[in-house]
Amino acid sequence: MSKKSGDELLEILKRILEHLENIEDKMRTIELLLKISQRSSLEKARSMLNSSKLRAQIYELCDGKHTVSEIARKLGKPMPLISRYLKDLESSGLIVSEQKGKSRYYYKVI
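According to this note's numbering, the sequence shown is numbered sequentially starting from 69.
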């Protein structure tokens, strides 16, 4: 291992600090983009719920874990319609689903 002079070490430290500052700048940019993205997603989700009374009712029924057939039965609507709306709600991030055996259960995330 070679010995570095004080000036060489100082130069190395300066370069490290520059890299750290660049990383901090990039992190701030990423944080800002995430905030913008989250705000946009929430606005889309809110808009989705406000655009359809049935979609809002389906969302409210997802307080617990329910299957498409359970939700369709409670609302008196056809399963394909409920299924389509559940997919919309799931793609917006408002609800999630999980497979248990032969059934898929839907429930609220937020």
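By construction, these hints were calculated from the structure, which means they are not laboratory data. Ideal Cβ positions, reconstructed from N, Cα and C, are used throughout, including at glycine. Check before you lean on any hint, since a few could be wrong.
Taking lysine-lysine and the DSS-like style, the derived pairs with C-alpha atoms no more than 30 Å apart in a straight line are [to be verified]:
(1) K176 / K155
(2) K121 / K94
(3) K133 / K94
(4) K133 / K145
(5) K121 / K82
(6) K168 / K155
Estimated spans, in silico, between C-beta atoms of each pair [what the hints assert, rightly or not]:
(7) P146 / E166: 18 to 28 Å
(8) E99 / K155: 48 to 58 Å
(9) S109 / K71: 50 to 60 Å
Now the hints, each set against the structure:
Distance hint between K176 and K155 is fulfilled; the C-alpha atoms sit about 13 Å from each other, no more than 30 Å. For the hint linking K121 to K94, the alpha-carbon distance of about 42 Å lies beyond 30 Å, and the restraint is violated. Restraint check for K133 and K94: the C-alpha separation of about 40 Å exceeds 30 Å, so the hint is violated. Restraint check: the Cα-Cα separation between K133 and K145 comes to about 18 Å, which is no more than 30 Å; the hinted pair holds.
A C-alpha spacing of about 60 Å is found between K121 and K82, which places the hinted pair above 30 Å, so the restraint is violated. For the suggested pair K168 and K155, the alpha carbons sit about 17 Å apart, so the restraint of at most 30 Å is met. At about 23 Å, the beta-carbon gap between P146 and E166 stays in the expected band of 18 to 28 Å. Checking the proposed 48 to 58 Å range against E99 and K155 shows it is violated: the Cβ atoms sit about 31 Å from each other.
Checked against the hint of 50 to 60 Å, the C-beta distance between S109 and K71 comes to roughly 55 Å, which is consistent with it.
The structure fails to meet hints 2, 3, 5 and 8 from the earlier list, while all remaining hints are met.
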